[in-house]
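S.K.: Chains as they are written, first to last, in the working numbering: chain R, -4 to 526; chain S, -4 to 526.
This list has only true hints and no planted wrong ones.
For lysine to aspartate or glutamate, the following DMTMM-like pairs were computed, each having C-alpha atoms within a straight-line distance of at most 25 Å:
no., chain 1, residue 1, chain 2, residue 2
1, S, Lys366, R, Asp351
2, S, Lys300, R, Asp351
3, R, Lys300, S, Asp351
4, R, Lys511, S, Glu495
5, S, Lys472, R, Glu160
6, R, Lys52, R, Glu522
7, R, Lys472, S, Glu237
8, S, Lys502, R, Glu237
9, S, Lys472, R, Glu237
10, R, Lys300, S, Glu160
11, S, Lys524, R, Glu237
Hints were generated in silico from the structure; no laboratory data involved.
Number of protein chains: 2
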Amino acid sequence: MLGGWQGRVARPSPPPPHFLTSLLHFASPPPHHFASSPPRHFHTSPLQSDRCELTSKRYRIERGKYSQVSEAHLQFFRDLLGPHRAIVGEDELERHNMDWMGSVRGASPLLLRPTTTREVSSILTYCNQHNLAVCPQGGNTGIVGGSVPVFDEVIVSTSLMNQVESVDTWSGVVTCQAGCVLEALDQHVAQFGLIIPLDLGAKGSCQIGGNVSTNAGGLRVLRYGGLHGSVLGLEAVLASGEVMDCLSTVKKDNTGYDLKHLFIGSEGTLGIVTKVAISCPPRPAAVNLAFLGLSSFEDTLSTYKSARSQLGEILSSFELIDCVGLDSVEEKLKLKSPIAKHPFYVLVETSGSNADHDEEKLHNFLNGVLKTGVVKDGTVVTEPSRMAEVWSLRERVYEALMMDGYTYEHDISLPLPVFYKMVEDMRRHLGSDIVRCCGFGHMGDGNLHLIVTARQFDEDVLNRIVPTLFEWTAQHKGSISAEHGLGLKKRNYIHYSKSEASIRLMKQVKQLMDPKGILNPYKVLPEEKMK
Amino acid sequence: MLGGWQGRVARPSPPPPHFLTSLLHFASPPPHHFASSPPRHFHTSPLQSDRCELTSKRYRIERGKYSQVSEAHLQFFRDLLGPHRAIVGEDELERHNMDWMGSVRGASPLLLRPTTTREVSSILTYCNQHNLAVCPQGGNTGIVGGSVPVFDEVIVSTSLMNQVESVDTWSGVVTCQAGCVLEALDQHVAQFGLIIPLDLGAKGSCQIGGNVSTNAGGLRVLRYGGLHGSVLGLEAVLASGEVMDCLSTVKKDNTGYDLKHLFIGSEGTLGIVTKVAISCPPRPAAVNLAFLGLSSFEDTLSTYKSARSQLGEILSSFELIDCVGLDSVEEKLKLKSPIAKHPFYVLVETSGSNADHDEEKLHNFLNGVLKTGVVKDGTVVTEPSRMAEVWSLRERVYEALMMDGYTYEHDISLPLPVFYKMVEDMRRHLGSDIVRCCGFGHMGDGNLHLIVTARQFDEDVLNRIVPTLFEWTAQHKGSISAEHGLGLKKRNYIHYSKSEASIRLMKQVKQLMDPKGILNPYKVLPEEKMK
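With these hints in hand, go ahead and build the complete structure from the sequences.
M.R.: So this is what it looks like as structure tokens:
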């Protein structure tokens, strides 16, 4: 139905009227769906797992004064859940004690798999009474060590809490349990012409409760905003076992303090999210994806400005990959870029309700950026499987980089004018001590993923990256964690993004809501200095 | 440039291709800009002001154990701010001691007008030390008595804190002081092709700090979402005088608990918002407004569903007015509807980046709803002054209703299928004891304004409306305050929308952040039962 278009450097002639095309230049079929994030069936990276020492050792953490799980405790949980949902055994717990990258490892002796809010409440009531520390866990797809125990915390997994309770098709609201896998939930609401306003590489494994607890961002924040806007309500169980019902399903509710926000992004340290209600926009009828090559970061900035003004309400993603990232996916994963090599690449996605209109807007936008020469080359795809191929160039960058050996991963927010300067400065700063320094990410949200790779973990390299990176970020009024959270790995750097007064109030809120500190200890809030 | 179109009941023939039109059928020019909300220059409604007794008397409230403002206190504030920003005198304070409707009245002896965060901090430090209660006040455009003192609280007005600090044109972020008037702020960002994602009738008077503190909703939540999504950061001064810097300007920041949300919608009871940073979308290049007449509420539902699917990303408002409301603006304000009488009317607004595309989408939508007969009549306007005229039919409903004498105003959220049933049930329930019972509001957000009018205030009528209305709302899982907040008037009904556990946690948060309870007492949280 649609014709073909390939922009070319020297001839910025306007594309023909019907220029949108399925992508013809992919050399090989995409491999099994893996994306940049953990697969449905968990395997740690073979290159990283063998060097994954215990988190407590690597990060020199002192165990809190919690009880240890005893036979009596175990019996209580077996009586509550039955033997198949109160699980012990090193092998059985292996994938729950370690993150998918093999970068953090705990030693929990017990995994609990409740199916109802009531069971979560009983578990926490008991743990609080018996001073047992708890690590809440969803799909365990996090990056900062937030969803894995550090010592012997009891793991409370929401995996079996995967029921959709209702879909309000009038207003577009889905209400479901926390353990629903993001992709499955999106497929569910698709039947009703709706879309979950959140999409990320880990969608096949991550759970909506975990997404909410970490305030996950992903690919379409530019279009749909973040979860503080789209979560209408939630239910959470406090450390005491008390059920906090903030499960409003209306779009506006100004009755008192909006407590649900305390649970969005607090990474399970203030409560375990058990249900959520999410506002779902109409599912777009038309989606287009353009993959563009550019000569400089300045040109990506101009392109973004044009996209924002010309694509307006249909702009749904604006993603950056530098040549280091694209070279990696070509070299390590044998994916092939549809266009020739350039210093920078951007993916521009549009989503709208009218294919012809979107096509014309995209045409006008591309015409403009080609004419002015800020875009040198590009291709447009509309067929879903071809779009998935192009998306995999972006989504699998991290996976490719991991194959260098060890990755130092950082996820920061920066003002756009200095968005990529950070990568260049870091590259110079680290010199030849590393394999690569790559920058990619959600440029439309000001969210950069900066990845440094090396053959293996080296504390000296880590110390050269951190805190330099955070100081730089703070100087430029960025955030040291845009969307991944603080978890374990970044908690002691919180002061680079938050004021002393804020951190003090956070600690007071934690003390108020979880006085014994049983919920996800060693995470989010900075380590207390020993007295 | 554009042709004319008037849909007609009996002939749902498709409109001609170029059907968008400036509105030709307005009988009289619009009156001086007044909207449904307080004018820039404050006058209480003459019909209501004479019966505005003291709030403490009408609502039988007991004064908290706060100090009274003494000469020594006054001297401190005069030394801090100078004589012209520490104001005394009944006349000078009149418009600050009463709301614009004349429905609540306090007796503050002192109005403070700081210009900087540092001054707010000094004021609160002093008030906290000396146990002086404080009423923060922005534009004083609230409906629920939240921005007016109840007894002799010191009024801290943000009116002079009206500086825009910066506009990030790359990402579309404005950072400003709390006292910026919404309309002026919007005009400021318009220079940069941006729009403030918030619009409401009171825009000429309300201040952005007050908007944020009450989590104001308004006309375009349907398109841009609420303030929890679009406020990127804020600065607030706590009761202790401590400055809480949560003034992030990046779109994503997952570093610890997102404390700013505590100040959004807590109506000044947890802190005084002094600065805000707001994400501003590109200003739409094209805006269209359709005014439609319908025979039944079921038809408005069908029309909404069509609008949502066919207008998709350009749908920016979907507002309902019932015939009671429209008759009132015609009768009391001498405005004239551009179409014949119908039981229901909806305003459908589109905002987009391409006028031709929007026009075509709107055409297709209107064609569909005319063909199926769910819409009986309608007109479309695109010229700004004509759009303002049509908007005034919606925005001035409340003003017209006030002219009946006394209004019992309620702002609730309901699931769409029962959205209007509430009005019909209430009309039957109240019978002939009232003048009118009117329903209108932000239907696209599920937000109904239900207004009962009478010749004068009658406690018996109030008691027949409340708690019946709230019980009904709670049974249907709605919210008893969609966008106006709880303030003074609704605080004791909070349990209809919030669980016991939630209310308990709210009180604990209040106790944590304002242990002496000096900030906006008698508001939001329910009255403590006397022991």
